[in-house]
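Q: One-letter residues, chain by chain:
There are 2 protein chains.
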Amino acid sequence: MPVPRQRRLRGGIDLGGTKIEAIVVDQSYSVLGRARGPTPTAGGPEEVATAMAAVMREAAIAASVDAAALTGVGVGSPGKVDQATGAVAGARNLPGWNGSFALGPTLEQLLDTQVALGNDVEVATNAELVLGAGRPYQSLLGVNWGTGVGGGIVIGRKLWIGRGDAGEIGHTVVRQGGHRCTCGRRGCVEAYAGRAAMEIQARKLHGSGKQTALFEIMRERKRDRLTSSIWQRALEAGDRVAARLIDDAVSALGAGIASAINLLDVEAVIIGGGLGVRLGAPYVERIVAAMAPHLFVSDRPPHVHLSGLGDLSGALGATLIAPKRGRAAHVAPADAPS
Amino acid sequence: MPVPRQRRLRGGIDLGGTKIEAIVVDQSYSVLGRARGPTPTAGGPEEVATAMAAVMREAAIAASVDAAALTGVGVGSPGKVDQATGAVAGARNLPGWNGSFALGPTLEQLLDTQVALGNDVEVATNAELVLGAGRPYQSLLGVNWGTGVGGGIVIGRKLWIGRGDAGEIGHTVVRQGGHRCTCGRRGCVEAYAGRAAMEIQARKLHGSGKQTALFEIMRERKRDRLTSSIWQRALEAGDRVAARLIDDAVSALGAGIASAINLLDVEAVIIGGGLGVRLGAPYVERIVAAMAPHLFVSDRPPHVHLSGLGDLSGALGATLIAPKRGRAAHVAPADAPS
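Residue numbers (my numbering), protein chains in the order written: chain A, 1 to 338; chain B, 1 to 338.
By construction, these hints were calculated from the structure, which means they are not laboratory data.
Here the structure is a predicted model, which means the values were calculated and not measured.
The reader is advised that the hints may include incorrect statements.
As the list claims (entries may be wrong) - The calculated EDC-like cross-link candidates involving lysine to aspartate or glutamate, where the alpha carbons are at most 20 Å apart (straight line), are:
hint	chain 1	residue 1	chain 2	residue 2
1	B	K80	B	E108
2	B	K80	B	D165
3	A	K80	A	E108
4	A	K19	A	E58
5	B	K19	B	D299
6	B	K80	A	D299
7	A	K324	A	D66
8	B	K80	A	E267
9	A	K80	B	E267
10	A	K80	B	D299
11	A	K204	A	D247
12	B	K158	A	E267
13	A	K210	A	E236
14	A	K158	B	E267
The following block holds chain A by itself, in its conformation from the complex:
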C-alpha cells in the first residue's frame, strides 16, 4: 500500500559548530516542527550523533509525528562527507572528530529512518538557491559566516563542487603571513572572521588586560563560548574589543568576497551563517562597503543579500536532500521510482 500522502514528511538537521537545528517539513517545505540544541563541546562523534538524534526527535514531536515515520532525514554536516557510505571525516570544528565517523548509519539506527548526508554549506547554498534569496540568479556565491567561514558556488543554477571541495572562501589568503587560522594555515579569511578564531583573539586580548564585556555576558548567559548573540550584545553595548575584532572580520570578509567576485564574477552573494544572520542587514551593508575598494569591476558590484531563510537555511537545505519515499521495504510497487 502506498505511504499515505499526508505522512510524507521529511526531516532536516543542520549540524553547526555551535548548535544543532532540526526541522520537519511537508512536501511544500512548510516547517511543521523545529527544535534546537547546543553542539556538544566534549566527547566525540558518538555524543554529537546522540545529540542530533535527540534534537530531531524533539522537532518531530513538535510536528506531532514520530521520527521513525519520516520518509527520511537529510543532514548538512561540516567536514568531508561521503554520500555513499554516510561517513564524515575531518569536521574540525566539532569535538574529537579528526578521523572518519559513520554518521549516516549511526543516525539511521538512532532515528529508525533513512538518512542522507550533504556538506553543510552546500545544502545551505542550495536552500537559498531553491527556496531563498538566490531564486532570481543563475550564478551566486553563498557565504556562511559562523563558527568557521564556508562558502558554496552556484554556476548555471547548479552547485559547483569541483573535485569535491570547492567553496572554501574562508581559506582565501587575505594577509600573507597574517594570523594563524583555526585550520593551521596563516592569513585566511577565517582567521579573522570565523567565530572560533575571533573567540581565540578575544581571549588573548582579555588575557593581556584589555577590558571587554564579552566573557561577562557569556557567564551571565551561562554559555561556555562566545555565541553569535553574545557578540551582538557586546557590540550593542559598545564593547571596544568586540568592535575591533568585528571590524577585522568585516574587513577580511570584504577582501575575500571581493577577490572571489574578481575571479568568478557571479551575479550575487548571499550571506548567512550564525554570525551573518544574527548581525543581519547592517553588517551585510558593512561587508558591501569593505568589498568596494577591492572590486576590479567597481561600477558593477554583485547583488549582496542577507540569507532569505535565516537560521533555517541549513536545515531547509538538509530537507531538500532527505529521502522522500521512505524505506524501500515500505514502498509499494506502484510508488516505486519509475
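Add chain B to chain A, keeping to what the hints say.
A: Frame of chain A; chain B shown alone:
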C-alpha cells in the same frame, strides 16, 4: 565559387602589454608563419592598431600569403572587448587606452580581411584547453603571468566568464593594505607579480640606492622597459633586487592561486604569460611550493603545468576565434553557413 581549400588560412594576433605576436595557421593549427614586434609605449590605440597590422602582414609574408587572403584574423586583446562591435575599452597596460577604441573595424580596414576579437587571457586559456596542456582536464585555471596577471577559468571544458569579467586572479587580495597595484587598488597579486608593478618596485629600489643590474641590462639590450628576458638575465646573474622582487611575486602568486583552488577546486592550473613562459619550469615548481602552505585540501593539490603552447598560446587562441569562411561576399552559396 568556393574559396579553394588550400587558401583557408587564418591569422591570429596576441596583443600584449610588451609585445605583439602574430601567426598564420592552416586548418590543423600548424603555424606557417610568425612575426613579433614591440607594443608601442607612446601614442594611443591608433598607433597600436597600426603596429598590430604591420606584425600581422609580416607573419603573412612569412607564410607566403597576402594578409587580405586570410579567411580572417582573430585578436586576443587586453581590456574589455565588445565582440559585437569590435571595440576595446580600458586596456590599461596599453598607451593612451583608457577610453574605448574600435580596434576590430580599424584592423579590418588596415588588413582588408575579417577580424574577430576576444579577451587575451580567455583566448589563451581556450588555446591551452583545445590544443595545449589543458587537453586532459574538465576544469582548470589558466594564469597569465606577464605585464599584468590575468586568468581564465574552465568548468566542464567551457570558459566561465561570469557576467563578462571572470578570471581576474591578478586582483585577488593577498595583502590587505599592501602595495599599491597598477589597477589603483591595494594588495592585489598583480601588485607583486605583474611585470609592470615589479618594474615600478625595481625603479624605486634602484632610486633609493639599491644595487641592481636590471637597468644596465635594459640599456645594453636597448630596451625601454624591463622585459621578461631582462628579468631572467638578472636572476641568472644573481642580482639581489631581481631575486627579492621575484620572490615576492612567486609568494603572491602562490597565495593567490592557492586561494583560487580553495574556492574553485579545479583539476589543473596552467601557467603561461611572458614571465611564466620565459622563466619556465623551475619557477612553476617554485609557485607550486608557494601554493602548498595555503591549500586547504593539502593532500590533493591540483596538477600545475607550464603552458603547453608557450609564447604562442595567445596567438593560437586568437586563430581559434578567427573567421573561418572569409568575407560573406567572397563565399559562394554552397559554402555559406547552414
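Q: For K80/B and E267/A, compute the direct alpha-carbon distance and say whether it is at most 20 Å.
A: 18 Å, holds
Q: Within 20 Å, alpha carbon to alpha carbon, are K80/A and D299/B?
A: 13 Å, holds
Q: Is K19/A close enough to E58/A, meaning Cα to Cα at most 20 Å?
A: Between K19/A and E58/A the Cα gap is close to 14 Å, so the pair holds against 20 Å.
Q: Next pair to validate is K80/B with E108/B; report whether the Cα-Cα distance is within 20 Å.
A: It holds: about 19 Å lies between the C-alpha atoms, which stays within 20 Å.
Q: When you check the alpha-carbon spacing of K158/B and E267/A, does it fall within 20 Å?
A: This hinted pair holds, its Cα atoms lying about 18 Å apart.
Q: Decide if the proposed pair is consistent with the structure: K324/A and D66/A, CA atoms, cutoff 20 Å inclusive.
A: This hinted pair holds, its Cα atoms lying about 16 Å apart.
Q: Given the hint that K80/B pairs with D299/A, does the C-alpha gap stay at or below 20 Å?
A: 13 Å, holds
Q: Check whether the Cα positions of K80/A and E108/A lie no farther apart than 20 Å.
A: The hint holds at about 19 Å.
Q: For the pair supplied as a hint, K80/B and D165/B, is the alpha-carbon distance within the 20 Å limit?
A: Distance of about 8 Å is within 20 Å: holds.
Q: Decide if the proposed pair is consistent with the structure: K158/A and E267/B, CA atoms, cutoff 20 Å inclusive.
A: 18 Å, holds
Q: Within 20 Å, alpha carbon to alpha carbon, are K204/A and D247/A?
A: This hinted pair holds, its Cα atoms lying about 17 Å apart.
Q: With the threshold set at 20 Å, check whether the alpha-carbon distance from K19/B to D299/B stays at or below it.
A: Distance ~39 Å between K19/B and D299/B Cα, so the pair is violated.
Violated hint for the displayed structure: number 5, the only one.
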